[in-house]
Structure formats: C-alpha cells, structure tokens
Amino acid sequence: MGIALSLAIYAPGAGGVPSTATPVMDLRQITSYEHTTTARTGFESLRVGFVDTTEGALDWLRSGLMRSVIAYGPHGEIVWEGYLAAIDAMFGQETRSVSLDGMANRIRTRFTTVNGIAGTTTPASDAASIALYGTKDSVLSLPETTSTAASNLAATDLARRKNPVMQPTTEVATGGLGGVQVTLLFAGWYDTLDWLLTSNATTSTAVTTTQVGTLLSTAASTNAFISTTTTNITASGVSDTQYIGTDTTIRQAIEQLLNQGNSSNQRFAWGVYEHRTMHVEQWAGANPAVVHYRRHLPSGQLYDDDGAIVHPWNARPNRMYEAVDLLDPAPVSTAQDAAARFFVERVTCSISGDRIGVRLEPQTSDALDARLARLG
Amino acid sequence: MASNIWLISTIEGSATSYYLSRTGIGSYTGSGTPWTAQSTTPYEIAMNDIVGRWTPQAPPSQGLYSGGPPFINGEHLVYRSYGNVTENVPIQMYASSHDNAVALMRQLRQILKAALYSVPCVLAVQPDGSTNIVYYNIHDGDVQEDERFINDEERHNLIRARMTITRSFTGGRLSSGETLISGATYANTGTGGTDNLAAYSAGAGELIYEGQPLNLDITCTTASSSIASLYLASVYSRTYDASGAGTGSTSSTISGALVGSTSGTSLDAALSRQVHLRVLGRFSNIDVNARVYIEVNLAGSGRIYLSPVIAGNAATALLDFGYVDLSLYRDIPSLTSLQIDTGVRVLSSNGSSASATLSYLEFLLYYTFCTLEHNSGLAAQGATLLRVGQFTVVTNRPCLPLQRPIAHGISTSTGRPRIGVAPIRGTPPQYFNGASLYAGWNRTSSSGITGPNDHRTTDQMTVTATHAPLWRTLRGGG
Chain A
167 MGIALSLAIY APGAGGVPST ATPVMDLRQI TSYEHTTTAR TGFESLRVGF VDTTEGALDW
227 LRSGLMRSVI AYGPHGEIVW EGYLAAIDAM FGQETRSVSL DGMANRIRTR FTTVNGIAGT
287 TTPASDAASI ALYGTKDSVL SLPETTSTAA SNLAATDLAR RKNPVMQPTT EVATGGLGGV
347 QVTLLFAGWY DTLDWLLTSN ATTSTAVTTT QVGTLLSTAA STNAFISTTT TNITASGVSD
407 TQYIGTDTTI RQAIEQLLNQ GNSSNQRFAW GVYEHRTMHV EQWAGANPAV VHYRRHLPSG
467 QLYDDDGAIV HPWNARPNRM YEAVDLLDPA PVSTAQDAAA RFFVERVTCS ISGDRIGVRL
527 EPQTSDALDA RLARLG
Chain B
16 MASNIWLIST IEGSATSYYL SRTGIGSYTG SGTPWTAQST TPYEIAMNDI VGRWTPQAPP
76 SQGLYSGGPP FINGEHLVYR SYGNVTENVP IQMYASSHDN AVALMRQLRQ ILKAALYSVP
136 CVLAVQPDGS TNIVYYNIHD GDVQEDERFI NDEERHNLIR ARMTITRSFT GGRLSSGETL
196 ISGATYANTG TGGTDNLAAY SAGAGELIYE GQPLNLDITC TTASSSIASL YLASVYSRTY
256 DASGAGTGST SSTISGALVG STSGTSLDAA LSRQVHLRVL GRFSNIDVNA RVYIEVNLAG
316 SGRIYLSPVI AGNAATALLD FGYVDLSLYR DIPSLTSLQI DTGVRVLSSN GSSASATLSY
376 LEFLLYYTFC TLEHNSGLAA QGATLLRVGQ FTVVTNRPCL PLQRPIAHGI STSTGRPRIG
436 VAPIRGTPPQ YFNGASLYAG WNRTSSSGIT GPNDHRTTDQ MTVTATHAPL WRTLRGGG
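Here the protein sequences line up with chains A and B, keeping their order.
Quick note: the first sequence, position 56, residue 222 per the numbering used here, numbers continuous.
Quick note: the second sequence, position 67, residue 82 per the numbering used here, numbers continuous.
Derived by calculation from the structure, the hints in this document are not laboratory data.
Do not take every clue at face value.
[Stated by the list, open to error] Simulated restraints on C-beta separations:
1. A:Ala-177 <-> B:Ala-217: 39 to 45 Å
2. A:Ala-455 <-> B:Gly-89: 30 to 36 Å
3. A:Ser-365 <-> B:Ser-81: 48 to 54 Å
4. B:Ser-240 <-> A:Gly-523: 42 to 48 Å
5. B:Arg-345 <-> A:Gly-411: 57 to 63 Å
[What the hints assert, rightly or not] Residues from chain B shown here face chain A by an in silico Cβ test under 7 Å; the list is partial:
6. Phe-86
7. Ile-87
8. Tyr-338
9. Ser-364
10. Phe-384
11. Cys-385
12. Thr-386
We put the CB at the ideal spot given by N, CA and C, even for glycine.
Here chain A stands alone, though its shape is the one from the complex (with noise of 0.2 Å):
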C-alpha cells in the first residue's frame, strides 16, 4: 500500500465560489507533488505534476482554472487547500500554459484632465468571466486626458484581460520528444484577497483584528471564497484607524493592520486553512522556549512536542522546531532563532518516486520565496 494522499477536484460554483456539489475527480495518480504553507497567508501554493492523455491534458486547458482542490492525507486529514491558478501542459516539445495571473474583469482608470482635475471611471467589467472566476480587480492610470477617453482604455484593456491567456511555446529539436505532462499550480485561499480593491473614508479607530473581520465580510460580498467567521482570530488588543487608502487591495489592508502585531508587541502569524477560514493568532516565536517539532540528526522524520511522528504532509509553519543534537549549551531564552531552535516561517512538503520530506524555513527567508513559489 502506497502513501494514500489524494487531491479532491472540484468544478467551482456560480462566480467561482468553491463547491463540493461537483466533485471533478479524486486526483491521485500523480508523479509528483510539492505544497508550501508560510506563516502569514496559510496554505500558499501546491504544485503537482502527473502524465496524462492528450484529451485528459486539453480538458485541464479548456476548462480547469478555479477548481477547487482539497487534499487529503491518508487518515483523511486536510494537508492542503486552494483553486487552480495556473496549468502547464506539455505536449512533447510544445507547451501550453495558462494562468489567471493576468486576468481581469473589473477595471477602472483614475485619470486626470489638462486642468488637474481628478477622477475615475465607472469600473468596466465582464459578467461572464465574473461568472466563471469571480471579481478581479486591476486599476489603470492616464494623466491630462478626457472621462471619456479613460473609460475607453479601461474597456480596451478589459477586452484583452477578461480571460485568461493561454501562452504557447515551441520547440523543434532534435531527441527525444517526451509525452504529455501536466502541471497544475494551485494557489491558496489568502491569494484572491489580492483580487479586490477596497477604501474607507471612516477615520474613526477600531480593533485592527475587528476590523479584519470587516474586511473578510467586505471580500466575501464579492467573491465569497473565504470564510468571514472570525471563531479562529484572536483579538489584537490595538485599535488604529479605520481608514483606507483608494486601490488598496483587501490583502493589503489586513496586512496593515496585522503586521502591527498585538498589544503584548508580538507579531501576529495568520493565513487561510481547512475550510477556508482565516487563522490569526501570536506566532510562536513569542514562547520560543515552547518546541513543537524536533528532529534527531540520525532520524529523517519530524516529531511533535508529545513525541509523536509528524508526517510530512502535516507540517505547519508558525511553529518552533529543534534540532535536538545541536542544542544550545547556555540558549538565550528568549532569543526564537539559535542553532539548535527557529520559528518557522515557512514550510514545502515534496513527494517524488524516490524521496519525502519537508522543508522547514526561518522568518528570515521569506518574501521572494514566497513570490517564487507560484511561478515554480
């Protein structure tokens, strides 16, 4: 019996709304598979690669951005979930890609006249992508130009951006022409808060965990694809103001006010888990005294606090690990990164034909992986 890991695949809803109504498949024969989960989105990205059908890899193409994966570990627990952000095929030397990355079918232009006078347009949008994808969101700028014209480039751009584009390459070369691959590219949940644009005038202060709530129902109105309990966010203690900037992502703006951390001045860990809810809590690095994963050098596995085997698959970041043979003799207690200890930051879990494994990452390496993680 192999390692029981299976993907969920589901057709999306009206306006790209996660479902279990259509379930498209239980996707385990793959040859391969990587997941990243960091500390300050949740589930990030899941990369996995299987041989298939010509047929099987045009489908994908044709009609697989925004599915819904949920992936399953062998005791049936949530490893991982996201949508389906991007789709490489390869037909031996030719390569179809396509992506949601550039796609968007809300758009507007801030503009402003030979007079300085500023403005923007009524956002152009297309309600049969909106129907397939949900909102995104793009904003464009003209300077000394007529309302007129800046609601015609909002509408030319959106002709060209309201689906997604399929990028071809092709290569004539000699050797072996290989098969037909695909790769499919999921993103997190936390990803399409990136999707819509908000502002708030209110210059009254709230909570900033409130008023994440707040952003979480905002988004939710639009594309409802993440969760807007607020049970799993715990209450910072610290109030700012409510005020929002005009194109200011809903990603953004709980950055903001996360990224102040508590009233106790410890930073927060948040992201998007199971059931697509958002988690915000105090990151462990606060106890850092407090391990939950350790390793022995001789051993290739991961164990938690209570000594038990943490499959790789399982391994979350907001977490202390430690190397136990290589334990400080005198640590500083309050010091989260020493040799033996670190706060992790970021975690990838990889399974090939001939290995297993995470990969545990500190607070310092995080922000290019991160981007990097999606392009692969």
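Given the structure of chain A, go ahead and fit chain B onto it with the hints provided.
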C-alpha cells in the same frame, strides 16, 4: 506434466487462450487455432541452460528509508510500495513455413499491446502440481526474434525469440473477488447484539499484513433520509465506552467545559502492531453555537493529543476527532501496557451559553480510515447501493487494484451509477488478517438543520465486502 503458462486475450470479445507451455508437438500450418490447447500449441517457453529458464519475478520493493550514516548506523524503513515487473521470457514458435512462423509472432505482439486501446492481455500461471492459477495484467509487451531465424536457421520455420512483458506488480484471482463479509447487518451504534463492526473472514493472499484491496457494497436499510457522511475503517479493535456520558455547558470561547470523560482505555495492542488510534464521539445534543474537542492523556499522566475543535450543527452527531499517532510508545523498551484517559470539552463560539451532551465514545485501533461525505446524500434508503471499489471485477480479467479507489451510488432499480459521489477522504478499508470493518454514519439534514451531522443509533445498513487476494509470484493453494 509441463506447468501451465498461457495468455488470455479478450480483444475479439470472447476470451481466447494462447498456451505458451506445451505437452505435445504442435506446429502452426496456417489454419485453425492450435494455440488454444496445451497439446497442440505451437508456442513453447524455452527452459534450458542455453536460453535460460523463466519463472515469474517478484515485484521490486521500493522502500524509502530515513536516517543513517554518518549520524547512525543503518537506515530506517519509513514507506514502502511496489513497482511493476518487467521480465524477459524466452519463447519458441513452431510453424510449417516462414510466413506462418511470422504470423505466430505477430499475433503475440498484437495481443500484448492491447492494454491502452482494448483490454489488457492476461498472463496465467499454474505450475505443475499447483491447485490454483494466478493471473497478471500485462500493461505492455513485445516479442523480438533472434538473429538465427533469418540467418543460420532460415527455412527451419522455427522462431526463437524473447518476449518482454511489463505486468502488474502482483497477480490475482480471475473475474471475481473473495467474499469476506456477506450481507452483514450493521447498526449505527457500538453496542448491542447488532452493532457497527463485523470481522473479516480469513482471506488468502500474500499481502494480508500489508493491506489488500476491498470492494464494499453498502445498502442503507432503515433511515428516513440518506447517508450523508460515512466513516469506514479496517480496525484491529473498537472499544465502545459510554461511561463518560454527560452534559457540559459554557459561555467561554477560550476555556472548554468538561462534557464527559473516560478513563483507563487500553491500547495495549498498539504496542505490538502498526495501528493508530481514532476517537469518535456520539453526541445526543450539540447546540448550534457549541464547539467540541477532546483531550487524550496517558492514564493518570499528561496529554498526548488535543483534537481540532469541531462545530456541531445538529441535535445528534457522530464526530471524528482525528487520529492519534502511537509510534512513540512502540519504541519505548519493555513497555507492556498503554492506557489513556479521554476528556470531551465544549466551547462557545460566540460568548453565549453553549452545551453539548455526550452519549458515548468509540476508540478505534485502526489500520485504515476514511470518510465519505456528500450533502445531497451518498445512498438513499433502499434506492441506492453505495459501492466503494478498489479492485477490478470484470469477467476474464484479474482482480487487481484500481489506479485509485472509487465511490459511487448505484441505483438499485436500474443498476446505473449516479454522479457526484464525494471523493474518498483518507485511506479506504483494506483487508488485514484478523481485522474487522467498522462503519459509522450520519444522515443528511433533518428538521431544517443543514449539514451531514444527524446520527441515529437505530439506523441500519447491510454490507458485503469482497477482497482481491494478491500474490507476488505463485499462488499454490491460496
């Protein structure tokens, strides 16, 4: 008598046998089908010191090891699975002419490559003296004649060749599985004369300690609404404990109030076998704003497991609190006893009073566990047969594992499948020697309460479990 080794092909509709081992001196004259009998077949597997001797090869074991040098001597096996078998079979073909000999070779090539476009060719092996036959799927194959046919042995009308096949990692029975549970009645409770557990009959095969695939046919017999969530497990044991029944309530969103607890649950069996602990809780009431979780402690000692918090949304529910890894305790030297105490606690989700009432806990020491869920219902009473499939059941084809398990509702009136059954979450039941099949389920919504959490101890279902014994090479009497 020569061992029976032959190919079975259904590429033309009906099954045709191509005997590769012979008892007579057969030759192909260009007409008839002499290959269908061992006494007349023109094929012969070569078994001599010059070209070699053939016997089915065991599948390559692909183990993944952890640890090792330079930190410690020896690596530790963590995962293992098997790959396909590719083997070379020396074969000779006898005919009355060059063209007829080539026709024999062409025929083999055609049927060996049928897997992608028709049905796989089957390799059947029954050594002389063996009671039973073992059957393998051939995924791919080819035949390469050696150079003597067109050179120093030209016009001898004898092809010496090498048949290369890539076949299934194990062999199995043909056409049908082995019944291990036959129409057993399951009640949706862990106590009483009829309960939620049935032992597998003793099964054949070599992988009985590693897990062999099962097909399950499940019919919901008494329920006013469909099965919406179904827990299935192959277990070493199931312990039912109602001693912790009770009610707890709180308005706290942080500190859980005790609902009930059990003590001294024995897990001794986990010290000597690779089983995991799963705790399920049956609640007769969970307020809409209540959330429950469990805390598992070593008996009289500290905590070893804190479950996720689960929101109940119905009056009754059977909830899965997740699995508990026990591998640490198997490593403790000389440990002979393992007992746990389990506490069930309730939280409020909104600061208002929330209560939950526990009926009982079930402790599974399990090999495999899975959940099927579908809000629209997996199987309606009497109208739908829920089939969980893990191996092929097709006439004249080996019973071997599917590429992935399937769960489907089948209409009992039309025999046709429904669409939209949920994926299997976890590992579907496998046959392990001495194990039992556990089933627990919740109905679809009732009384206007949404969600698949409506558990009735009076509900019943019938279950039939068939299994596919697997053999790595020969079957013998198994």
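Evaluated hints:
Distance hint for Ala-177 (chain A) and Ala-217 (chain B): a CB-CB separation of about 43 Å, consistent with the stated range 39 to 45 Å. Between Ala-455 (chain A) and Gly-89 (chain B) the beta carbon distance is about 33 Å. The supplied range of 30 to 36 Å therefore holds. Checked against the given bound of 48 to 54 Å, the beta carbons of Ser-365 (chain A) and Ser-81 (chain B), roughly 52 Å apart, stay inside it. In this structure the hint that Ser-240 (chain B) and Gly-523 (chain A) lie 42 to 48 Å apart at CB holds, the actual value being about 45 Å.
The given range of 57 to 63 Å is respected by Arg-345 (chain B) and Gly-411 (chain A), whose C-beta atoms sit roughly 58 Å from each other. Because the closest C-beta pair between Phe-86 (chain B) and chain A is about 4 Å apart, less than 7 Å, the hint holds. For the restraint placing Ile-87 (chain B) at the interface with chain A, the shortest Cβ-Cβ distance is roughly 3 Å, inside the 7 Å limit, so the hint holds. Hint status for Tyr-338 (chain B) relative to chain A: holds, with the closest Cβ pair at about 4 Å, below 7 Å.
The closest approach between the C-beta of Ser-364 (chain B) and any C-beta of chain A is roughly 6 Å, which is under the 7 Å cut-off, so the hint is satisfied. Interface hint at Phe-384 (chain B): satisfied, since its Cβ lies 6 Å from the closest Cβ of chain A, which is below the 7 Å cut-off. The beta carbon of Cys-385 (chain B) comes within 6 Å of a beta carbon in chain A, closer than 7 Å, and the hint placing it at the interface holds. With 7 Å as the threshold, the beta carbon of Thr-386 (chain B) comes within range of chain A, its nearest partner Cβ sitting at about 5 Å, so the hint holds.
Violated hints: none; the structure is consistent with every hint.
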